[in-house]
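Going down the list, the sequences are from chains A and B.
Residue numbers for the first sequence follow the working numbering, so the first one is 1 and each next one is one higher.
Residue numbers for the second sequence follow the working numbering, so the first one is 1 and each next one is one higher.
Among these hints, one or two may not hold up.
Copies of the same chain look alike in the list, so a pair counts if it works inside one copy or between any two.
[Said to hold, decoys possible] With a cut-off of at most 25 Å between alpha-carbon atoms, the simulated SDA-like pairs for lysine to any residue come out as follows: (1) K127 x R49; (2) K127 x Q25; (3) K127 x D61; (4) K127 x G107; (5) K127 x P8; (6) K127 x L42; (7) K127 x S21; (8) K127 x E43; (9) K127 x E53; (10) K127 x H71; (11) K127 x R46; (12) K127 x A40; (13) K127 x S69; (14) K127 x V67; (15) K127 x L60; (16) K127 x D38.
Just so you know, the hints here were simulated from the structure itself, not pulled from any lab data.
2 protein chains.
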Amino acid sequence: MAPLEVEPIGRVESPLTDPASAPMQGDEGAPDAWLVFDPAVLEALRGVRPGDEVIVLTWLDRARRDVLSVHPRGDTSRPQQGVFSTRSQHRPNPIGLHPVEIVSIEGSRVRVRNLEALDGTPIVDVKPVLSREISER
Amino acid sequence: MAPLEVEPIGRVESPLTDPASAPMQGDEGAPDAWLVFDPAVLEALRGVRPGDEVIVLTWLDRARRDVLSVHPRGDTSRPQQGVFSTRSQHRPNPIGLHPVEIVSIEGSRVRVRNLEALDGTPIVDVKPVLSREISER
Numbered sequence: 001m002a003p004l005e006v007e008p009i010g011r012v013e014s015p016l017t018d019p020a021s022a023p024m025q026g027d028e029g030a031p032d033a034w035l036v037f038d039p040a041v042l043e044a045l046r047g048v049r050p051g052d053e054v055i056v057l058t059w060l061d062r063a064r065r066d067v068l069s070v071h072p073r074g075d076t077s078r079p080q081q082g083v084f085s086t087r088s089q090h091r092p093n094p095i096g097l098h099p100v101e102i103v104s105i106e107g108s109r110v111r112v113r114n115l116e117a118l119d120g121t122p123i124v125d126v127k128p129v130l131s132r133e134i135s136e137r
Numbered sequence: 001m002a003p004l005e006v007e008p009i010g011r012v013e014s015p016l017t018d019p020a021s022a023p024m025q026g027d028e029g030a031p032d033a034w035l036v037f038d039p040a041v042l043e044a045l046r047g048v049r050p051g052d053e054v055i056v057l058t059w060l061d062r063a064r065r066d067v068l069s070v071h072p073r074g075d076t077s078r079p080q081q082g083v084f085s086t087r088s089q090h091r092p093n094p095i096g097l098h099p100v101e102i103v104s105i106e107g108s109r110v111r112v113r114n115l116e117a118l119d120g121t122p123i124v125d126v127k128p129v130l131s132r133e134i135s136e137r
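Given these sequences and hints, build the entire structure.
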């Protein structure tokens with residue numbers, strides 16, 4: 001089978017540059033950030049508006065792909081768990097899911113709240129939040 | 001930059017084989033299905049249990065990647081919208097997010113409820129649902 005190749009559609013611009021001090025989840029003090037889209041995909045943003053809650057998918061390019069178990073949240077007092085039962089960035093396909101709120105849209109630059117992704121992280125998709133999650137809010 | 005390559009970690013086994021008649025979302029009458037994992041990643045499933053709600057990430061290998069706008073739900077009476085504000089399978093990086101419940105686990109075969117992905121679809125990741133309570137596990 002041909003390889004499945006992800007094409008970045010943009011990059012994260014964020015004050016977060018240090019993996020060691022970045023928050024683990026967006027609701028743990030992550031800052032606002034910019035999603036800077038490739039102008040070629042701008043048409044795909046039509047209908048996305050300030051105030052919308054979306055899920056940003058990223059490629060966690062500083063993650064390890066050979067890690068299958070971790071101590072949850074890096075806490076070595078907790079037993080190791082398989083990465084599929086955790087939000088660890090380290091996993092065979094390091095795709096990040098980030099629920100964020102759109103603050104503003106300026107051409108190909110989209111301001112979002114509470115994004116824990118590091119500066120320069122490739123963006124691979126944007127989706128509306130899943131219906132099951134909306135009903136939980 | 002090197003290409004970002006997704007490695008399938010398994011495949012969906014489902015009675016759904018016809019894209020035209022498959023439900024658009026898992027909560028619209030999708031059947032139970034099996035996630036059949038590559039034995040090499042079994043360790044990553046440790047901690048996933050029957051009853052868990054997880055998000056399965058797939059690579060929608062029958063989607064088109066050159067589509068940036070669609071009529072929502074294929075309804076041509078509705079105005080076109082950018083794919084990032086819809087759940088269309090057609091998008092630059094055709095990654096599917098499927099919230100499902102784990103029914104049972106038999107070795108590398110995991111039975112799940114309400115999965116709208118077609119038979120043979122590559123699986124690329126499994127994550128806990130995004131709700132706050134569960135991400136704090």
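- [ ] Just pull the numbers of the violated hints for me, sorted ascending.
- [x] none
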